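**Student:** Below, each chain spelled out in residue letters.
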Amino acid sequence: MHVHFRVCGYYDWEHADKHPGVVVTQADVRALRAKQASDGRWLIRVEREADTHHDTNIPEQSICAFMVGQALHAGNELSREEAACHFLRHSYKHHGKRSHVLQAIVHDGGANAELMQLVVKAHLDEAERAGADAATLQRARVICDEVTQRYLEPGDVAGAITAQFVRKQETP
Amino acid sequence: MNSQVLYVAPSTSKRTRKISVREAGRRAKVQLSPLAYTHWHLEVRSKRGRLRYSDPGWRRNLTTDTATGYTNRRDWQSKLMGGGPNMFFGATASGSATATGATSLTNASASFPTAGQALAGSIVAAGPNTSGAGSIAWGVIVSNTATVLTIDQWYNPGTGAAATTPNATATYQILPGQFAAPYLAVTTDSVAPAASDTTLASELTTNGFTRALGTYAHTAAASTFTLTHTWTASGTDTINKEAVFGAVNTTGGGVMPFESAEPNAPTLVSGDTLQNTVTITIG
Chain A
73 MHVHFRVCGY YDWEHADKHP GVVVTQADVR ALRAKQASDG RWLIRVEREA
123 DTHHDTNIPE QSICAFMVGQ ALHAGNELSR EEAACHFLRH SYKHHGKRSH
173 VLQAIVHDGG ANAELMQLVV KAHLDEAERA GADAATLQRA RVICDEVTQR
223 YLEPGDVAGA ITAQFVRKQE TP
Chain B
39 MNSQVLYVAP STSKRTRKIS VREAGRRAKV QLSPLAYTHW HLEVRSKRGR
89 LRYSDPGWRR NLTTDTATGY TNRRDWQSKL MGGGPNMFFG ATASGSATAT
139 GATSLTNASA SFPTAGQALA GSIVAAGPNT SGAGSIAWGV IVSNTATVLT
189 IDQWYNPGTG AAATTPNATA TYQILPGQFA APYLAVTTDS VAPAASDTTL
239 ASELTTNGFT RALGTYAHTA AASTFTLTHT WTASGTDTIN KEAVFGAVNT
289 TGGGVMPFES AEPNAPTLVS GDTLQNTVTI TIG
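Taken in order, these protein sequences are the chains called A and B.
So that you can map any letter, position 153 of the first sequence is 225 in our numbering, and since no number is skipped, the others follow by simple counting.
So that you can map any letter, position 113 of the second sequence is 151 in our numbering, and since no number is skipped, the others follow by simple counting.
In short, the hints are calculated from the structure, not lab data.
Taking lysine-lysine and the BS3-like style, the derived pairs with C-alpha atoms no more than 30 Å apart in a straight line are: (1) A:Lys90 x A:Lys165; (2) B:Lys85 x A:Lys193; (3) A:Lys90 x B:Lys56; (4) A:Lys169 x B:Lys85; (5) A:Lys90 x A:Lys169; (6) A:Lys90 x B:Lys52; (7) B:Lys85 x A:Lys165.
The structure displayed is predicted, hence computed values, not measured ones.
In isolation and in its complexed conformation, chain A is listed as follows:
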């Protein structure tokens, strides 16, 4: 799934030495605003203004695996939209703020039943290898069937992403 954001700004990194007098603190490091390069110099996060775009590729396998893993082991029933937004949220926060996002264009290849079957099989095979008893395996199969149904339900990923990420309205 390709998510293309039109943005009016983004995060980038510069050497702290380019900003005379800047003080890098432990709080900046913990907040992911500063980091050390391999040569020991400090890099700081800067915010740039630009009319540009940001691209994310969310593998469909990741969506399938996350939905199955969360259902089987965390008891969380996620939709395909929620899983996609999860990956986008955790990726985009390192690149910019939601207020930078003007527009989202989503190229969604759609749910892939065959791929989900492969992911489900891999989880069930591992459970069997790990020695799960028959009752546990049967419960897992039921959960996987429910996840698969939920995964294949028609949804609006583009709408979900727009609702969650596009905050700033473009000035006409």
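Following the hints, put chain B in place on chain A, whose structure we already have.
**Tutor:** Same frame as chain A, now just chain B:
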């Protein structure tokens, strides 16, 4: 002939003798620090989403710049960007296979390059044979002889999942350059990373931590891109190291340009999620 002095490297001591560039070059025994900055950040959350552990900031990690073979970061990156020494190597860069397998493609009439790292890291794309039979797939070459390409697996071009082995007489093309390194993997092994590493020792393949295709993200003209992934644990494991790979499985291996160690290795239990982010600064 006197040559105009353009720059004198600063020194903390007034007694440091000035030396020529030639002399400094002869004295250099240690490789320069890598110019590709890479950093990792890891978070662990409980099944209810509560943050249980977070790295204290970005960790800069190691680049495998002294590894032997095609997994060396510098070798991979130069071929990725410059095409490599076997770009357009000859007529048998494309043709018809004489045999295919789950991890191989053979052309008995081929003359594939075998010197140095040969074709390792390049992509071979296979399609229906001249009669139109067979599927489309591609694989990452991990090694080769003059007539046999060994790959990590066949990939479905649309999803990246494992694909059916192409027809035994499939048509094929070997593409110049190198495949990317978009896969993330973790391990319980606690031995410190080394620039000569070519694999992630004791890489996890169970408990939900299989090597995974990362979510790629980049803002146009920014100096970084990221790969992220979230694993859901199905058992208990302590995560000590992570790495980036150019192949989907441990059998194929693939290039391993970046590797990092956790300063305070977190232990995950079933239902926890491991959110891993690697940021690569490309300048």
